[in-house]
Amino acid sequence: MNDYLKTTKDIYKAAAETPDIGLCCTTTPVWSFPGLEIPKIMLEMNYGCGSTVHPRDLINSPKILYVGVGGGMELLQFSYFSRQKEGVIGVDVVDEMLDACKKNIKEAELTNDWLDASFIDVRQGDALNLPIEDASIDVAAQNCLFNIFHEEDLKKALQEMYRVLKPHGRLVLSDPIAEQTMPENLKNDDRLRGLCLSGSLPLKEYIKMITDVGFGTVEIRAKRPYRILHPNQYDTAEPIYIESVEVCAIKDPMPADGPCVFTGRTAIYYGTETHFDDHGGHILLQNQPLSVCDKTAGNLEALNDSNIWVSPSTYFYDGGGCC
1 MNDYLKTTKD
11 IYKAAAETPD
21 IGLCCTTTPV
31 WSFPGLEIPK
41 IMLEMNYGCG
51 STVHPRDLIN
61 SPKILYVGVG
71 GGMELLQFSY
81 FSRQKEGVIG
91 VDVVDEMLDA
101 CKKNIKEAEL
111 TNDWLDASFI
121 DVRQGDALNL
131 PIEDASIDVA
141 AQNCLFNIFH
151 EEDLKKALQE
161 MYRVLKPHGR
171 LVLSDPIAEQ
181 TMPENLKNDD
191 RLRGLCLSGS
201 LPLKEYIKMI
211 TDVGFGTVEI
221 RAKRPYRILH
231 PNQYDTAEPI
241 YIESVEVCAI
251 KDPMPADGPC
261 VFTGRTAIYY
271 GTETHFDDHG
281 GHILLQNQPL
291 SVCDKTAGNL
301 EALNDSNIWV
311 SPSTYFYDGG
321 GCC
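Per the working numbering, the sequence shown runs over residues 1 to 323.
What the hints contain is simulated information worked out from the structure, not anything from laboratory work.
Quick caveat: nothing in here was measured; it's all calculated off a predicted structure.
For every residue, glycine included, the Cβ atom is placed at its ideal position computed from N, Cα and C.
Accuracy of the hints is not assured; some may be wrong.
Heads up, simulated BS3-like pairs for lysine-lysine below, C-alpha to C-alpha not over 27 Å straight-line [to be verified]:
id	residue 1	residue 2
1	K166	K13
2	K85	K208
3	K295	K223
4	K63	K156
5	K85	K63
6	K166	K156
7	K223	K208
8	K63	K103
9	K155	K295
10	K187	K166
What follows is a set of in silico ranges between Cβ atoms, one per label pair, in the way DEER data are often shown [said to hold, decoys possible]:
id	residue 1	residue 2	range
11	H230	W31	27 to 37 Å
12	I59	D277	30 to 40 Å
13	E86	F33	18 to 28 Å
14	N188	S61	40 to 50 Å
15	D318	P202	18 to 28 Å
16	K103	Y270	55 to 65 Å
17	Y241	E86	40 to 50 Å
18	K204	G320	48 to 58 Å
19	A237	A135	40 to 50 Å
20	Q233	P34	35 to 45 Å
21	A237	E37	41 to 51 Å
Take the sequences, apply the hints, and build the full model.
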């Protein structure tokens, strides 16, 4: 095992044995659903930087994979939507975390009368070699795990997620990102990498890693402030600003002109006609906002049409639009 992966395993072994509330302080509120009671211990072991649970991804009792189980909170939330035997599979490489997760799920059974522990199948396994059959999963997710990997390992982890997803299946990710260049000494600090900090990539590089393995559609659902690596605490010449990003990558066929990446851009036509047709499959109704992917936004801007306004990226996308 690579040194940095061993260090990471040790960090989360300790966090499983003694919950570390401040380890990955998420800036995202915990989802609340009718009849769902989350045990306190799961909240204390919420080692993520965002949320991967989105109700619109979870219709029709999907088969769900969650990699990096933590205290089991997201497994519990996912099972709320997939109440079937082994409807949710949790995979983790840390035995102590698996044991803690199973214990926490048993505790959750006591306060959630709808929950049966058989809904959740917790397995020992590695994100780089998932113990999952090809094309068997509807929704796969990870929260603040892939950020740990060096780029070659990140590529393997994304390829594994792509492999196990069904056609049009969804990979929901939450990870830290940083637009500034991360100093090499921090990138190579095994502990900082294991703490999901110094592996932060710029968003464009992160998206390119995702699309390079074949995901034809990518949605940027949220981007939030997360951490500052300041010279007072870290060996860096300048403060490094880290954000958390929530992304959904869809196993759609790759378009001939490249992936559709939604970064929260919108187009509005305000001319005198009832609509505008770009003859490329996109209709803009008069004064009706339309979410557009970055490709379509760029094509519309290139028209230099004074009757069309195209927004910058808001890094918030909640569905619908041009594709």
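Against the structure, the hints:
1. The suggested pairing of K166 with K13 is violated, with an alpha-carbon distance near 32 Å, which exceeds 27 Å.
2. For the hint pairing K85 with K208, the CA-to-CA distance comes to about 36 Å; that exceeds 27 Å, so the pair is violated.
3. This hinted pair checks out: K295 and K223 have alpha carbons roughly 20 Å apart, not beyond 27 Å.
4. In summary, the hint linking K63 to K156 is supported, as the alpha carbons are separated by about 22 Å, within the 27 Å threshold.
5. In summary, the hint linking K85 to K63 is supported, as the alpha carbons are separated by about 10 Å, within the 27 Å threshold.
6. Only pairs whose Cα atoms come within 27 Å are accepted, and K166 paired with K156 is accepted, the gap being roughly 18 Å.
7. Note on K223 and K208: the hinted pairing holds, with a Cα-Cα distance of about 17 Å set against a maximum of 27 Å.
8. For the suggested pair K63 and K103, the alpha carbons sit about 22 Å apart, so the restraint of at most 27 Å is met.
9. Distance restraint check for K155 and K295: the Cα-Cα separation of roughly 24 Å lies within the 27 Å cut-off, and the hinted pair is therefore satisfied.
10. Between K187 and K166 the alpha-carbon distance is near 34 Å, which puts this suggested pair outside the 27 Å criterion.
11. Taking 27 to 37 Å as the suggested C-beta distance range, the pair H230 and W31 conforms, at roughly 31 Å.
12. In this structure the hint that I59 and D277 lie 30 to 40 Å apart at CB holds, the actual value being about 32 Å.
13. One distance hint, 18 to 28 Å for the beta-carbon pair E86 and F33, holds here, with the actual separation near 21 Å.
14. For N188 and S61, the hinted distance range of 40 to 50 Å is satisfied, since their beta carbons lie about 44 Å from each other.
15. Checked against the given bound of 18 to 28 Å, the beta carbons of D318 and P202, roughly 23 Å apart, stay inside it.
16. Range check, K103 to Y270: about 58 Å between beta-carbon atoms, so the 55 to 65 Å window is met.
17. Distance hint for Y241 and E86: a CB-CB separation of about 41 Å, consistent with the stated range 40 to 50 Å.
18. A C-beta distance of roughly 24 Å is found between K204 and G320, which places it outside the suggested range of 48 to 58 Å.
19. The given range of 40 to 50 Å is respected by A237 and A135, whose C-beta atoms sit roughly 47 Å from each other.
20. Under the hint 35 to 45 Å, the C-beta atoms of Q233 and P34, about 42 Å apart, fit the expected range.
21. Hint check: A237 to E37, Cβ distance near 47 Å, so the stated range 41 to 51 Å holds.
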